[in-house]
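A.B. asks: Starting from the given sequences, assemble the full structure and let the hints guide the process.
Number of protein chains: 2
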Amino acid sequence: MANSSFESFHPPQRILMGPGPSDVNPRILEALSRPTIGHLDPKFVQMMDELKDLLRYAFQTSNEVTIPISAPGSAGMESCFTNLVEPGDKVIICRNGVFGSRMQENVERCGGVAIMVDDPWGRAVDLNKTEDALKAHPDATILAFVHAETSTGAMSDAQALTKLAHEHNCITIVDTVTSLGGIPLNVDEWELDAVYSGTQKCLSCIPGMSPVTFNDRAMEKIKNRKTKCQSWFLDVSLMLGYWDGGGKRAYHHTAPINPLYGLHEALVILHQEGLEDAWARHRLHHNALKAGLEALGLELVVPEAERLPQLNAVSIPDGIEDAVVRKNLLDAYNLEIGAGLGESAGKLWRIGLMGQSANRGNVLYCVSALEAVLGELSSSIPRGKAMDAVSAVYNK
Amino acid sequence: MANSSFESFHPPQRILMGPGPSDVNPRILEALSRPTIGHLDPKFVQMMDELKDLLRYAFQTSNEVTIPISAPGSAGMESCFTNLVEPGDKVIICRNGVFGSRMQENVERCGGVAIMVDDPWGRAVDLNKTEDALKAHPDATILAFVHAETSTGAMSDAQALTKLAHEHNCITIVDTVTSLGGIPLNVDEWELDAVYSGTQKCLSCIPGMSPVTFNDRAMEKIKNRKTKCQSWFLDVSLMLGYWDGGGKRAYHHTAPINPLYGLHEALVILHQEGLEDAWARHRLHHNALKAGLEALGLELVVPEAERLPQLNAVSIPDGIEDAVVRKNLLDAYNLEIGAGLGESAGKLWRIGLMGQSANRGNVLYCVSALEAVLGELSSSIPRGKAMDAVSAVYNK
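Chains as they are written, first to last, in our numbering: chain E, 1 to 396; chain P, 1 to 396.
Copies of the same chain look alike in the list, so a pair counts if it fits in one copy or across any two.
Straight-line Cα separation of at most 25 Å, DSS-like style, residue types lysine-lysine; simulated pairs:
{"#": "1", "residue 1": "Lys385", "residue 2": "Lys396"}
{"#": "2", "residue 1": "Lys90", "residue 2": "Lys228"}
{"#": "3", "residue 1": "Lys90", "residue 2": "Lys226"}
{"#": "4", "residue 1": "Lys163", "residue 2": "Lys129"}
{"#": "5", "residue 1": "Lys327", "residue 2": "Lys43"}
{"#": "6", "residue 1": "Lys327", "residue 2": "Lys248"}
{"#": "7", "residue 1": "Lys221", "residue 2": "Lys135"}
{"#": "8", "residue 1": "Lys90", "residue 2": "Lys129"}
{"#": "9", "residue 1": "Lys248", "residue 2": "Lys347"}
{"#": "10", "residue 1": "Lys163", "residue 2": "Lys135"}
Hints in this document: simulated from the structure, not taken from any laboratory.
C.D. replies: Shown next, in the form of structure tokens:
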């Protein structure tokens, strides 16, 4: 049944440069350990109100309905589909990586009809193809797509896709799990309708919560549902009784108190830095990392114009074994980089520069650790050039 | 959009004697602040395996499928219903408080048919009525009930109810949110089939995760489903790819790393104390609290044989205003007790003695704070007797 003895778990100190979780700011770790209070405590309710304002800042929205779902990004995705899709609804899904397929699963499990628009992994969603699909399916009510594909590092044009959707009487469901806080994301200006994100990417918080924001168009569709939302836990009309009860908060579920302290702190940190400075920081360190990787002879997979600075997909060179490199980096350097996902498993690495991980020290450390590990495995890796390439970007 | 300035949130130090969250052990708070590592890190996977063993100990089960859901108890409840109930399935639900109604919502949102067996709030589930319902509905496949009703403090006979269910070819879904770690719960010996719990009650961890355990009968029903589980996030067959992947763990969602450190620590603490000692501790402090409350002239709502030691529903005396008392306790004494829920709002208080909160200091503090606050509001509250009554129990 159980071993005879168990001890406290003491994790190693890693440097997290995978696709998330990213390095967590010590201020956030400290916030997690503050005393737990009740989920209906007036002081907690005050914190919740501030948290909503901070999320509005991060999303650049004034949407009333802007809250953190008490579960990971996958549940945030499900909250959008389960509230917005009714049986029989037709949803056009742009798929250019793993998360498009997950959207398809969501739509079908809600009884909806998924129309897939496929683009190559590692490329942005194609606007023309999407427009053709919208024209071919005038009865579609929703267009769903991923702003920043975590499985490939590709960035799509969320504003243009939403404009197309609106021209064809569709609302949008937008995955911003990896974009929030890392690249420009302007929910109101771009008129995105239902948006979900994660906490463990460019917000540099712990995983386990999913910020979402719904505008009036999305809420109108929810209010006009003919059937109940199939999830009780994710039913936005019930969640709002707790998160937005005006003077009175109704118990729905018990909110994850301490993780919410952490998210509040992460958003205070983002607000103190300022969104534009955070976006510029991700861009700067991406340029330095790119210079270092290219000096090692490595190739970035995604074309420059469609590339996410915070998530760098790198082709694994011929003759180099994926797992050996990642294991060496982890064991000898405590450095985590990400493996490929789905069809790109074994073909690429995903090197994250998200939130707190996007800093000069991490870039230097990652490039030099890669030089050491790859250099031991292959004589064709150029040596002694990468650090200069990195420094040149910072000294520009 | 956002205020001009935001600051870190510093919660007050409360004493948590409501229906959960309970006081969190400082060891658990410290564990939360340990460095975040990746959800596929070999060290994390090792911790996950230990966590499953520790949960098996807490549940007293050898069920292979014993994992923490990455979301609060309400999602744990939903994971049971959404995996086990298919459209058209008939489910008998014993309702003796708020959570029976929530079960009904769950069944209906899964397309199932809910047959309600009602008992008075504050009483155990009636075995005869349940047996009658099982006889009247031979096509039912599931019996669902709450072992420890958090809304009333009533305890039902989980073993006897499950025996009845099995005699009528039903499997059971059992809510043990408030019982796990606080009163005897023997999943294997009692043959409970699908069981969910919470972390913020007698485990004294933070809210936000939900331990569940499914035996072979439950897993067999899931494997024989004709339709897909309507939730992608809560689909147990997908979750197991991550939690139980043998050598290889498949990414499903990103687990809440640091909260799982906290849960691991909470379970290590429980294992060190030992389940039987933990149950005895809850019983002891309940006896002392009861003596103190009765010396103040207060009445416990639930008959003694059906009473949960860890959650004490107390009638609010005539002429005493619920909200005033709870506000005074919170503002002047940093003491949280729980309000009534649903139909018992305004009629009772729920005083929790869960996990870390079940200690001698808390009992003395709570009784003396109640004496002070109630004494200011009403001259009919007996003064100067409660402390002796409490001490008498401890000095027995």
